[in-house]
Amino acid sequence: MPTSKHRAVFEVNGKAVDIEVESRTTLSDCLRHQLRLTGTHVGCEHGVCGACTIIIDGAAVRSCLTLAVQADGSQITTVEGISFDEGLTPLQTAFRKHHALQCGFCTPGMLMTAHALLTENPDVDEEGIRHVLSGNICRCTGYIPIIQAVLEARAAYKKPENA
Amino acid sequence: MKLPPFEYACPATLDEAIALLASRDGDAKAISGGQSLMPILAFRLASPSLLVDLKKLKGLDQIKIDASGITLGAKVSWRQIEDDKRLATAHPLLQEMISHVAHYQIRNRGTVGGSIAHADPAAEMPGFSVTCDAKIVVKGSSGERIIPAGEFFEGPLMTVLEADELITEIRLPPWPAARRWGMLEFARRRGDFAMGGVAVFYDLDAQGRAVDAHVGVIGAGSIPHRVPGAEAAINGTTVDETAILAAAKAAAAGVEPLTDIHASAAYRRNLISVLLERALRAAVAR
Chain A
1 MPTSKHRAVF
11 EVNGKAVDIE
21 VESRTTLSDC
31 LRHQLRLTGT
41 HVGCEHGVCG
51 ACTIIIDGAA
61 VRSCLTLAVQ
71 ADGSQITTVE
81 GISFDEGLTP
91 LQTAFRKHHA
101 LQCGFCTPGM
111 LMTAHALLTE
121 NPDVDEEGIR
131 HVLSGNICRC
141 TGYIPIIQAV
151 LEARAAYKKP
161 ENA
Chain B
1 MKLPPFEYAC
11 PATLDEAIAL
21 LASRDGDAKA
31 ISGGQSLMPI
41 LAFRLASPSL
51 LVDLKKLKGL
61 DQIKIDASGI
71 TLGAKVSWRQ
81 IEDDKRLATA
91 HPLLQEMISH
101 VAHYQIRNRG
111 TVGGSIAHAD
121 PAAEMPGFSV
131 TCDAKIVVKG
141 SSGERIIPAG
151 EFFEGPLMTV
161 LEADELITEI
171 RLPPWPAARR
181 WGMLEFARRR
191 GDFAMGGVAV
201 FYDLDAQGRA
211 VDAHVGVIGA
221 GSIPHRVPGA
231 EAAINGTTVD
241 ETAILAAAKA
251 AAAGVEPLTD
261 IHASAAYRRN
271 LISVLLERAL
281 RAAVAR
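Protein sequence lines correspond, in order, to chains A and B. Residues in the first sequence are numbered from 1 upward in steps of one, following the working numbering. Residues in the second sequence are numbered from 1 upward in steps of one, following the working numbering.
Chain A extracted, bound-state conformation:
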């Protein structure tokens, strides 16, 4: 069967990437295998579970439903890129406080989805959070602690009133 190789130039977590990718390589596999960014998890590989959620040009997307070559020219944030040092972000701290994870497999996708949502709309209500997180499957927690964590993390995304 034919295949083709392509140059892809994009940015991941603020760092420039210039690589050659095979046409059929998904962005999730490219991140994990070629760039060794294994924080992005791959669950179902067909767009149902949400574990592979990353942020491309400000929008949360499923990296298993995106070809690596299609990322050419874009800016990508993965779970490795949401904190700037070794510490936890307020969102991650809220996840820990509320026990919003057990096995942790879905957590990178949950964090990236919640991070994109709260960046867009820090005033989102519980129904809105539930609606958005319905695209991410968790088989451990029963979701309630995840929703509590995201509700609590909203405060950290709000802009100061006088800013």
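Source of the hints: derived by calculation from the structure; they are not laboratory data. All values reported here derive from a predicted model rather than from experimental measurement. Glycine residues also receive a C-beta, built at the ideal position from the N, C-alpha and C atoms. Each hint should be verified, as a subset may be incorrect.
Chain B side only, calculated, beta carbon under 7 Å to chain A, not exhaustive [claimed, not checked]: (1) P5; (2) F6; (3) P39; (4) S49; (5) Q95; (6) Q105; (7) N108; (8) R109.
FRET-style restraints, in silico, Cβ to Cβ [stated by the list, open to error]: (9) D57(A) - T238(B): 47 to 53 Å; (10) R130(A) - R278(B): 18 to 24 Å; (11) I146(B) - R7(A): 36 to 42 Å; (12) D66(B) - A155(A): 40 to 46 Å; (13) D192(B) - L88(A): 28 to 34 Å; (14) P228(B) - V9(A): 53 to 59 Å; (15) A16(A) - K56(B): 35 to 41 Å; (16) Q34(A) - S141(B): 33 to 39 Å; (17) D83(B) - R7(A): 29 to 35 Å; (18) E256(B) - L88(A): 51 to 57 Å; (19) V211(B) - C140(A): 50 to 56 Å; (20) L45(B) - V9(A): 29 to 35 Å; (21) Q34(A) - S264(B): 44 to 50 Å.
Please arrange chain B on chain A, whose structure you already have, making use of the hints.
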């Protein structure tokens, strides 16, 4: 599964894209958001030899609203429809229907043209286009065709689209402000494919009687379709309780749902009937 091997091209113009599709004699597939095609590749239900990425094509991502109606460029995403405040009055049914499409991440990338070309009988956009008498504008090697949505779908994942044709626009008739409408679907998880869904709208004449009723169903057969029997039960009535129950009964008789792992045909038939009943009550109350 990992995707099957294919070549990839990212043309800069529509004409180049059409030429690339034509060059493979049916073995090339267009990709834009990829939210329907990528799962199909992952399941290995399709193994095209070439993917033609529409990413660089300009001018296909606009929502235009004027007196003649609404035009959706093929690359308009679910998210654009959701965020377009004009549509709350220009086409409330479109926004309501689109609110059921997939999940947050998929809505950021998935496109209206992709969903129509994919032609899943349970998907909202094909059903919406049939219910609303949309015209689907396609372009191929032999020029442009304008296809009524009611003639576009041939079966599950099958359309009249030729191998070298691309959808460029979806055109919708204008939506009168006083139009009555309702839309409901049922899925086990919000955003998943519907086990059944119904959209209904009608206008009221000077005597307060329903005219030009449209009833469309998704997930209730091999293609999305309108239900003439249910429409006839609504037209000419004041949409009172008798008419609503008659329409619901006609809807059950007017669909041929399939049995699959998610639900039996009998369950789906009853679901469509109940959903139409509720959607009509919502339309009356609106």
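Comparing the hints with the structure gives:
Checking P5(B) against chain A by beta carbon gives a least distance of about 4 Å; that is within 7 Å, so the hint holds. At about 6 Å, the closest approach between the beta carbon of F6(B) and any beta carbon in chain A falls short of 7 Å, and the interface hint on this residue holds. This hint holds: P39(B) has a C-beta 4 Å from the nearest C-beta of chain A, less than the 7 Å allowed. With a cut of 7 Å, the hint placing S49(B) at the interface with chain A holds, because the nearest CB-to-CB distance is about 6 Å.
Against a cut-off of 7 Å between C-beta atoms, the interface hint on Q95(B) is violated, since the closest Cβ of chain A lies about 14 Å away. Using the Cβ-Cβ criterion of 7 Å, the hint placing Q105(B) at the interface with chain A is satisfied: the shortest such distance is roughly 5 Å. Given the 7 Å rule on beta carbons, the hint for N108(B) holds: about 4 Å separates it from the nearest Cβ of chain A. Because the beta carbon of R109(B) sits about 5 Å from the nearest beta carbon in chain A, less than 7 Å, this interface hint is met.
Roughly 51 Å separates the CB atoms of D57(A) and T238(B), a value that falls within the hinted 47 to 53 Å. Between R130(A) and R278(B) the C-beta distance comes to about 22 Å, which sits within the given range of 18 to 24 Å. The given range of 36 to 42 Å is respected by I146(B) and R7(A), whose C-beta atoms sit roughly 39 Å from each other. The supplied range of 40 to 46 Å is met by D66(B) and A155(A), whose beta-carbon atoms lie about 43 Å from each other.
Separated by about 32 Å at the C-beta atoms, D192(B) and L88(A) satisfy the suggested range of 28 to 34 Å. For the pair P228(B) and V9(A), the beta carbons lie near 54 Å from each other, so the given range of 53 to 59 Å is met. Between A16(A) and K56(B), the C-beta spacing of about 21 Å breaks the proposed range 35 to 41 Å. Between Q34(A) and S141(B) the beta carbon distance is about 37 Å. The supplied range of 33 to 39 Å therefore holds.
In this structure the supplied range 29 to 35 Å holds for D83(B) paired with R7(A), their Cβ-Cβ distance being about 33 Å. Between E256(B) and L88(A) the CB atoms are about 55 Å apart, so this pair conforms to the stated range of 51 to 57 Å. At roughly 54 Å, the beta carbons of V211(B) and C140(A) sit within the given window of 50 to 56 Å. For L45(B) paired with V9(A), a C-beta distance near 32 Å keeps the hint of 29 to 35 Å intact.
At about 46 Å, the beta-carbon gap between Q34(A) and S264(B) stays in the expected band of 44 to 50 Å.
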